[in-house]
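Asks: This is what each chain is made of:
Protein chains: 2
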Amino acid sequence: MSLIVQKYGGSSVADAESIKRVAKRIVQTRKAGNEVVVVVSAMGDTTDELMDLAHEVVPLPSGRELDMLLTAGERIAMALLAMSIKSLGVDARSYTGSQAGMITDAQHGSARIVDVTPGRVREALDEGAVAIVAGFQGFNRVTGDITTLGRGGSDTTAVALAAALKADVCEIYTDVDGIFTSDPRQVPSARKIDRITSEEMLELAAAGAKVLYIRAVEYARRHGVTLHVRSSFNNNEGTLVVNPVDGENSVEEPLIAGVAADLSQAKITVAGVPDIPGKAAQIFTIVASSNANIDMIVQNVSAAATGRTDISFTLPKTEGSATIAALEAQRESVGFEMLQYDDQIGKLSLVGAGMRTNAGVSAKLFTALFESGINIEMISTSEIRISVVTRADTINDAVRVVHSAFDLDGDTPAVVHGGTGR
Amino acid sequence: MSLIVQKYGGSSVADAESIKRVAKRIVQTRKAGNEVVVVVSAMGDTTDELMDLAHEVVPLPSGRELDMLLTAGERIAMALLAMSIKSLGVDARSYTGSQAGMITDAQHGSARIVDVTPGRVREALDEGAVAIVAGFQGFNRVTGDITTLGRGGSDTTAVALAAALKADVCEIYTDVDGIFTSDPRQVPSARKIDRITSEEMLELAAAGAKVLYIRAVEYARRHGVTLHVRSSFNNNEGTLVVNPVDGENSVEEPLIAGVAADLSQAKITVAGVPDIPGKAAQIFTIVASSNANIDMIVQNVSAAATGRTDISFTLPKTEGSATIAALEAQRESVGFEMLQYDDQIGKLSLVGAGMRTNAGVSAKLFTALFESGINIEMISTSEIRISVVTRADTINDAVRVVHSAFDLDGDTPAVVHGGTGR
Numbered sequence: 001m002s003l004i005v006q007k008y009g010g011s012s013v014a015d016a017e018s019i020k021r022v023a024k025r026i027v028q029t030r031k032a033g034n035e036v037v038v039v040v041s042a043m044g045d046t047t048d049e050l051m052d053l054a055h056e057v058v059p060l061p062s063g064r065e066l067d068m069l070l071t072a073g074e075r076i077a078m079a080l081l082a083m084s085i086k087s088l089g090v091d092a093r094s095y096t097g098s099q100a101g102m103i104t105d106a107q108h109g110s111a112r113i114v115d116v117t118p119g120r121v122r123e124a125l126d127e128g129a130v131a132i133v134a135g136f137q138g139f140n141r142v143t144g145d146i147t148t149l150g151r152g153g154s155d156t157t158a159v160a161l162a163a164a165l166k167a168d169v170c171e172i173y174t175d176v177d178g179i180f181t182s183d184p185r186q187v188p189s190a191r192k193i194d195r196i197t198s199e200e201m202l203e204l205a206a207a208g209a210k211v212l213y214i215r216a217v218e219y220a221r222r223h224g225v226t227l228h229v230r231s232s233f234n235n236n237e238g239t240l241v242v243n244p245v246d247g248e249n250s251v252e253e254p255l256i257a258g259v260a261a262d263l264s265q266a267k268i269t270v271a272g273v274p275d276i277p278g279k280a281a282q283i284f285t286i287v288a289s290s291n292a293n294i295d296m297i298v299q300n301v302s303a304a305a306t307g308r309t310d311i312s313f314t315l316p317k318t319e320g321s322a323t324i325a326a327l328e329a330q331r332e333s334v335g336f337e338m339l340q341y342d343d344q345i346g347k348l349s350l351v352g353a354g355m356r357t358n359a360g361v362s363a364k365l366f367t368a369l370f371e372s373g374i375n376i377e378m379i380s381t382s383e384i385r386i387s388v389v390t391r392a393d394t395i396n397d398a399v400r401v402v403h404s405a406f407d408l409d410g411d412t413p414a415v416v417h418g419g420t421g422r
Numbered sequence: 001m002s003l004i005v006q007k008y009g010g011s012s013v014a015d016a017e018s019i020k021r022v023a024k025r026i027v028q029t030r031k032a033g034n035e036v037v038v039v040v041s042a043m044g045d046t047t048d049e050l051m052d053l054a055h056e057v058v059p060l061p062s063g064r065e066l067d068m069l070l071t072a073g074e075r076i077a078m079a080l081l082a083m084s085i086k087s088l089g090v091d092a093r094s095y096t097g098s099q100a101g102m103i104t105d106a107q108h109g110s111a112r113i114v115d116v117t118p119g120r121v122r123e124a125l126d127e128g129a130v131a132i133v134a135g136f137q138g139f140n141r142v143t144g145d146i147t148t149l150g151r152g153g154s155d156t157t158a159v160a161l162a163a164a165l166k167a168d169v170c171e172i173y174t175d176v177d178g179i180f181t182s183d184p185r186q187v188p189s190a191r192k193i194d195r196i197t198s199e200e201m202l203e204l205a206a207a208g209a210k211v212l213y214i215r216a217v218e219y220a221r222r223h224g225v226t227l228h229v230r231s232s233f234n235n236n237e238g239t240l241v242v243n244p245v246d247g248e249n250s251v252e253e254p255l256i257a258g259v260a261a262d263l264s265q266a267k268i269t270v271a272g273v274p275d276i277p278g279k280a281a282q283i284f285t286i287v288a289s290s291n292a293n294i295d296m297i298v299q300n301v302s303a304a305a306t307g308r309t310d311i312s313f314t315l316p317k318t319e320g321s322a323t324i325a326a327l328e329a330q331r332e333s334v335g336f337e338m339l340q341y342d343d344q345i346g347k348l349s350l351v352g353a354g355m356r357t358n359a360g361v362s363a364k365l366f367t368a369l370f371e372s373g374i375n376i377e378m379i380s381t382s383e384i385r386i387s388v389v390t391r392a393d394t395i396n397d398a399v400r401v402v403h404s405a406f407d408l409d410g411d412t413p414a415v416v417h418g419g420t421g422r
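Those protein sequence lines, which keep their order, are chains E and V. Just so it is clear: in the first sequence, position 25 is 25 by full-length UniProt numbering, and no numbers are missing. Just so it is clear: in the second sequence, position 218 is 218 by full-length UniProt numbering, and no numbers are missing.
So here's chain E without its partners, still in its complex pose (with noise of 0.2 Å):
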């Protein structure tokens, strides 16, 4: 008997017909022999209109309010699903975040989890029931507060549960089949991955993948459980996001995984730093200060003539006015000349453990996009990642001519459904 955790997002569970859909695959697996804990996102867009409704009441809610609203979104889908599973003769109980022992600190909108207690979702599975426990919140212990996880936070609660209830595997329903090479709605021709390490889906999904979340695929790698993303509107085989034990994979793993695209981010350049030490730190500080998630950072080489330099940085559009507005308010302690903020970039990343060991992947990189006449403005890299900074405008372009280079282009071309979960 396996232990599967899986987890439904919000456009799997949209409508009384989905719920009755979903239902019937948790059935299924659970009639399969196995023993089955779902997790479920809330349904549709519920969450956002709930999240409008407080906006109606007041500009600014509470934190600690905002988290107990939200939170009534997932016990409506899990409450619904629970007695959908019952109506089909299987036994079902629902379970909020802090009866299934989530429990996290007390930063309400963003709780990070500190402990996973499932003794109430075991018992439900040692008595043959299905334990569906609401996704994305959790409880902190010190204030009896109710607390949500922020973004993805619903494949994290699934992960965690996985971890904590030593699952067999960690089943993400999506709205597409899995994880492609590239992304199906810019890449006709993208294939799905059958199997990725934990490490090339943590650079997929930091490169703009928007099928998992960065968070919930570190917890994975981090406790060693295994994911498989697949469709909630087929029976297909998805991918598999397995943690190789160290030095395993080196030799049959594919030189690329995948290419991603980013189109969320600005470009911020202070133009004209005194060339001096400490004045790279002494603006990150002031970054860092306004809470901003910075990605890449480029530092040009000073002209010699007139001892300054100029210093980008990319970072989410929605960061972009607070931190010129930090960044402005320190002008004359920093120095700088003047400040450019452009929210027109793309970046493109290419991923793949296999590039480690391959000097050549940068060079056909730069060639393929050169030969598309794609300017590159600006370049980072990691162990398994390249990413570079084009025009917002020929990001697609980009993907696809990299994506062709490498060899990624599939036969049949992608299934993709609407709508995203949470």
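Keep in mind that the hints were calculated from the coordinates and are not lab data. What you were told as hints is all true, and nothing was included just to trick you.
Chain V is faced by these chain E residues, among others (derived, beta-carbon under 7 Å):
id : residue
1  : A16
2  : E56
3  : V58
4  : P61
5  : S62
6  : M68
7  : A72
8  : I76
9  : L80
10 : A82
11 : K86
12 : S94
So these bits of chain E aren't anywhere near chain V, every CB distance computed over 10 Å:
id : residue
13 : R112
14 : E127
15 : P184
16 : R222
17 : M296
18 : K317
19 : S362
What you are looking at is a predicted structure, and each value in this text was computed from that prediction instead of being measured. Ideal Cβ positions, reconstructed from N, Cα and C, are used throughout, including at glycine.
Got chain E; can you put chain V on it based on the hints?
Replies: The following block gives chain V in isolation, referenced to the frame of chain E:
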């Protein structure tokens, strides 16, 4: 400093604007120097919508899961209300039934309160915050499961908290100005009652007055909680429901408190029952087994020639078919000749603590009805109430006639807003 419990029904928090209006009223009460605990129902039709959703998924939802689902409604309302109050500069914290210590038995859908341990609510008050508590919900200590209290549950939550916290008053906010001598929708000349005993209120609620639920009034009487029923749409004084010490009120209390009508009942007549001892007991044992809530019972005098008698009783229309089925199944063992079902009846009740010492009340009532040509089909009395059953289509005339006969008509017509809470 007074401790005030305020309960707002669904129609008082139907949308963002209403929530902001209620928040202002709560802030006023707090700033006037009172400690404030607020019990809130789900917004507008939320509960009905959730119930519809459940029935889209499955015809007969599990009780445990239905409670889990429905409690999402109050959760949404209380979080929005708390954030609205906080935005007005007064600290506020929302608590679920279980966080507020509403301990119940495990009867899903109609749980009874077995204990109230409002430690966190008391703590919030001690720290100067307004405590917002979800009405209608509790939890069971043995199963650890969420429960709901059934119809009128939010009133009961408010009264139970008021009792446990030894509140000075429990204010029940609704869409009318208080308790009236009759339903203002039916009798435009109905007068608002300034003060009524809980005993009279209990009889009025049992007789069909819908402003307060009988269960909440019972709880208030048993625990000595003073209720103040008033409108959330204005600042008028409403109706005080008081618990006079024995004898205290006998002098000044008026003869009649009010007239109530109830069109929700049906009448079942078991005809041709053998007139031998034990038959009535047998019939009502059968009726009880179908969980019917019997109201009035009348047994006609036996016709000596036949040795048979007729027994009639009233019960809620919704329970009619189950009770008919239960009786039919036992026709042979009881030995009755036929069953008659009549759902075209109306019940008029005259309530007043003064009538227990005044023999002329029944005579005046029957005379008033007789002079208006309204036929009386059944009569039942308690110490402070007389109820009569008439045809349903004469009930409105009957209420007006009786209201006038007992000089209850006021000078100014009552103001009525739409909608009802729970």
